[in-house]
Amino acid sequence: MDALPKDGAMGATISEKILGSHSGSRPAQAGDVVVASVDFAMLHDARATNALTRIEQLGAAKLPFAARTAFVLDHYSPPPHAEAANIHREMRAFSEAHGTVLYDVGDGICHQVLPEGGHLTCGDVVTGTDTHSTTYGAFNAFGTGVEGTDLAAVMMTGKLWFRVPETIRVDLKGRLQPGVWAKDLTLAMLGRLGAEGANYKAIEYAGPAVAAMEIDDRMTLANHAAELGAKAALLEADEKTFAWLKARGAREPRPVKADPDARYCERIEIDAAKLPPQVARKHRIDDVVGVPEVKNQRIHYALIGTCTNGRLDDIRQAAAILKGRRIARGVRMIVTPASRNVYLQAAREGLIEALTLAGASVEAAGCGTCVNITGHLITGDGDVVISTANRNFKGRLGNANSEIFIGSAATVAASALTGHITDPRTVEGGVWRPISNAA
Amino acid sequence: MNIRGKAHLLADDVNTDIHCSSKYHPGRDNAYVAQHAFEQLAPGFAARLAKGDVIVAGRNFGNNSSREQAVHILRLMGVGAIVAASFGRQFFRNCINNGLPVVECNVSGISENDEIELDLGAGRVAVPARGIVRETPSLPGEVQAILVAGGLIPFLKAHPDWKPV
Numbered sequence: 001m002d003a004l005p006k007d008g009a010m011g012a013t014i015s016e017k018i019l020g021s022h023s024g025s026r027p028a029q030a031g032d033v034v035v036a037s038v039d040f041a042m043l044h045d046a047r048a049t050n051a052l053t054r055i056e057q058l059g060a061a062k063l064p065f066a067a068r069t070a071f072v073l074d075h076y077s078p079p080p081h082a083e084a085a086n087i088h089r090e091m092r093a094f095s096e097a098h099g100t101v102l103y104d105v106g107d108g109i110c111h112q113v114l115p116e117g118g119h120l121t122c123g124d125v126v127t128g129t130d131t132h133s134t135t136y137g138a139f140n141a142f143g144t145g146v147e148g149t150d151l152a153a154v155m156m157t158g159k160l161w162f163r164v165p166e167t168i169r170v171d172l173k174g175r176l177q178p179g180v181w182a183k184d185l186t187l188a189m190l191g192r193l194g195a196e197g198a199n200y201k202a203i204e205y206a207g208p209a210v211a212a213m214e215i216d217d218r219m220t221l222a223n224h225a226a227e228l229g230a231k232a233a234l235l236e237a238d239e240k241t242f243a244w245l246k247a248r249g250a251r252e253p254r255p256v257k258a259d260p261d262a263r264y265c266e267r268i269e270i271d272a273a274k275l276p277p278q279v280a281r282k283h284r285i286d287d288v289v290g291v292p293e294v295k296n297q298r299i300h301y302a303l304i305g306t307c308t309n310g311r312l313d314d315i316r317q318a319a320a321i322l323k324g325r326r327i328a329r330g331v332r333m334i335v336t337p338a339s340r341n342v343y344l345q346a347a348r349e350g351l352i353e354a355l356t357l358a359g360a361s362v363e364a365a366g367c368g369t370c371v372n373i374t375g376h377l378i379t380g381d382g383d384v385v386i387s388t389a390n391r392n393f394k395g396r397l398g399n400a401n402s403e404i405f406i407g408s409a410a411t412v413a414a415s416a417l418t419g420h421i422t423d424p425r426t427v428e429g430g431v432w433r434p435i436s437n438a439a
Numbered sequence: 440m441n442i443r444g445k446a447h448l449l450a451d452d453v454n455t456d457i458h459c460s461s462k463y464h465p466g467r468d469n470a471y472v473a474q475h476a477f478e479q480l481a482p483g484f485a486a487r488l489a490k491g492d493v494i495v496a497g498r499n500f501g502n503n504s505s506r507e508q509a510v511h512i513l514r515l516m517g518v519g520a521i522v523a524a525s526f527g528r529q530f531f532r533n534c535i536n537n538g539l540p541v542v543e544c545n546v547s548g549i550s551e552n553d554e555i556e557l558d559l560g561a562g563r564v565a566v567p568a569r570g571i572v573r574e575t576p577s578l579p580g581e582v583q584a585i586l587v588a589g590g591l592i593p594f595l596k597a598h599p600d601w602k603p604v
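Residue numbers (our numbering), protein chains in the order written: chain A, 1 to 439; chain B, 440 to 604.
The set of hints was computed from the structure by calculation and includes no laboratory data.
Any given hint could turn out to be false.
[As the list claims (entries may be wrong)] Now the stretches of chain A that chain B is said to cover, found in silico as 3 or more residues with beta-carbon under 8 Å:
(1) 56-65
(2) 87-99
(3) 194-201
Glycine included, every Cβ here is placed at the ideal spot set by N, Cα and C.
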């Protein structure tokens, strides 16, 4: 499935190859519209009302693709009001009737449970009813966000139309320094390209800095490309990818590499080794500065979690900073593991105990404190938040008179410790580096 | 596919979740929202728009807007097509999937109430009174087939095997 029959004239990007191999024999080129087969699909609770209505309108007698679709109850986990609880009831009943995979309240965030559940592999096309479905690109899959009508079409036919995107190639030289994460790298990209700077486009991330990253950090890189407007974000697969997928029972990988002469609409080179920790300032994800520029900013909430940074390495990094210490007076810290598996492993490693003793609250897995609709956190007037989330629109946490800054788990934990935004490299434990957790 | 109607202008970066959905009209139905769509950006917009008229907008129309409801409301308003300098990605998909033609085109020089003509197959936008004729990316046959059917759901009801795509 990897190499398409080449047209001889021109090399292909990863997106062109994957969408080409899923839409018949002809190679796909950027700009083509193809009807491609889909390998796995996802619907989460915040989009379920529209999607289930559209499926009903389609009126298909059978939904042959149901077994390759996961329903994930993560945004309203647990439900903050009766409407959400009733959406959950509807999703469970539909899942039971049609035989979809179901991840219920507390199982975790869609973008974490799909890879953990072994539902996707290298070379796949995966659609999810969520912008951050780009996450699956960390596993060399073409993952992209769609809406309810799209999901209805996939569940009935196993296929969907796609415009094959142009690709921005990002070559990451060197290696991120300890205390600097994929989060910082993406924030730096946002500062450079602007939010929506990759609208309609795919991004390919490559180079030694990507190879050096563990899977958790690669997932951050692919996930956060959504803030750049990317349709997909693709990484090449390597031994770490294969081992991770194999340990979770994924299908046989069909890794796809870009041709050396692939055509890109833009090429960007970044020296990862020179990058310091970054922060997005209040209200705009692309208003990005180095941490030292905002180091005196006082904070009231420190939040670790969401589909961008609620993974084990994020929690390990936070615990490395906070173990045996106490968060600053006046700071509330909430940690939300991305999945039940992450929670369990964090418990086994003593991380939850360490964070709890430090004064943090560790919540059950789910979308948590990402956005006010989840009901987990509404801020007060004048509250300043530092969060690992991916969005900081004014009012995102239910109060337009509060401010949200965005940074890595290392920066958030270091800031919780001091009470103001802090460069993690200046605190003990802030230059912790993950070891391979591939298997 | 050819469309002809009066142009109604909107600016850059219009978020349809905010200006054309029930996001800020909780509990209101689509008919209500349709009467008030884009009110904050262009007072009286919905009242001026006649069935088949064309929205002409700037960059990033529908940016950060992924609710299909916005497109349902635009159709309810009778919008015949949208011509914009660029579109938000998911918004663009939602329009095609709900049978609303969308065309990327340089919109400079086009004014409110101009008669505008779209030829989706040939890839052309024209405002004859101003001598404007612009080539646009022609919509591929696959996308035109979905639009002609009135959206992806009616298309798949008629062609469950995706043929004649």
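The hints, checked one at a time:
no.	hint	in the structure
1	56-65	holds (count 4)
2	87-99	violated (count 0)
3	194-201	holds (count 3)
Consistency with the previously given hints fails for number 2 only.
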